[in-house]
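Engineer: Residues per chain, in single letters:
2 protein chains.
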Amino acid sequence: MLAPTPKPPYYAVIFTSIRTSYDQDYIETAIKMEHLASLQKGYLGHESAREDVGITVSYWKDLESIKNWKAQSDHLLAQQKGREKWYAAFKTRVCLVERDYGFER
Amino acid sequence: MLAPTPKPPYYAVIFTSIRTSYDQDYIETAIKMEHLASLQKGYLGHESAREDVGITVSYWKDLESIKNWKAQSDHLLAQQKGREKWYAAFKTRVCLVERDYGFER
Chain A
1 MLAPTPKPPY YAVIFTSIRT SYDQDYIETA IKMEHLASLQ KGYLGHESAR
51 EDVGITVSYW KDLESIKNWK AQSDHLLAQQ KGREKWYAAF KTRVCLVERD
101 YGFER
Chain B
1 MLAPTPKPPY YAVIFTSIRT SYDQDYIETA IKMEHLASLQ KGYLGHESAR
51 EDVGITVSYW KDLESIKNWK AQSDHLLAQQ KGREKWYAAF KTRVCLVERD
101 YGFER
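Which chain is which? The protein sequence lines are A and B, in order. Counting in this note's numbering, the first sequence runs from 1 upward without gaps. Counting in this note's numbering, the second sequence runs from 1 upward without gaps.
Calculated directly from the structure, the hints in this document are not laboratory data. This one's a predicted model, so the numbers in the text were calculated from it and none came from an experiment. Just to be clear, a hint being listed does not mean it is correct.
Claimed, not checked - Some chain B residues judged to face chain A by a derived CB distance under 7 Å, without partners named:
no. : residue
1   : Val13
2   : Thr16
3   : Glu47
4   : Val53
5   : Val57
6   : Lys61
7   : Lys91
8   : Val94
9   : Leu96
10  : Glu98
11  : Tyr101
12  : Phe103
Every residue, glycine too, gets a C-beta built ideally from N, C-alpha and C.
Could you put together the complete structure from these sequences and hints?
Structural biologist: As structure tokens, then:
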């Protein structure tokens, strides 16, 4: 369930959001975006959870991959609907992962 | 609810985890760590959510602040209990936030 990312450096996009409404279109779009992102060149994985705030972190090989995914046509439409309908607020943070460590039983 | 972080650059620590067991000590420790982190020098805010995976992103002024929080004595004890009891797996990623943008109604 934790994204099996390679040795740093690589990139992370932290997308945090507060939702307004919630409809079937949102659910379908979220599933579709997850699938389409995973097909993009440079995609390394993602992790996602929502309680009061939704957090999706996607991991990418480089800034070029992030830029291409941001400009992907279905994704552009989803971003537009997000602003118009689904989100009261969101923040996207583009980050260089410099170091990581972990633990697994 | 979204962390009111300043203009980049600043740092993010992405902590993702899979929990094993879940006890009162875990809940109390989580609340205490959240409080103690917020008192640390260089702390900028955090966002947290858990479904199948738990994601906590904390934001920091610089690497020095992150290093100091990692070595804080109560936090060291919590990290030890995390490895011994609470987590089946976790990953910590230390990241430089290079760029951010957002939206709020």
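Engineer: For each hint, tell me whether it holds in the structure or not.
Structural biologist: Here is what the structure says about each hint:
no. : hint   : result
1   : Val13  : violated, 10 Å
2   : Thr16  : holds, 5 Å
3   : Glu47  : holds, 5 Å
4   : Val53  : holds, 5 Å
5   : Val57  : holds, 6 Å
6   : Lys61  : violated, 15 Å
7   : Lys91  : holds, 4 Å
8   : Val94  : holds, 4 Å
9   : Leu96  : holds, 5 Å
10  : Glu98  : holds, 6 Å
11  : Tyr101 : holds, 6 Å
12  : Phe103 : holds, 5 Å
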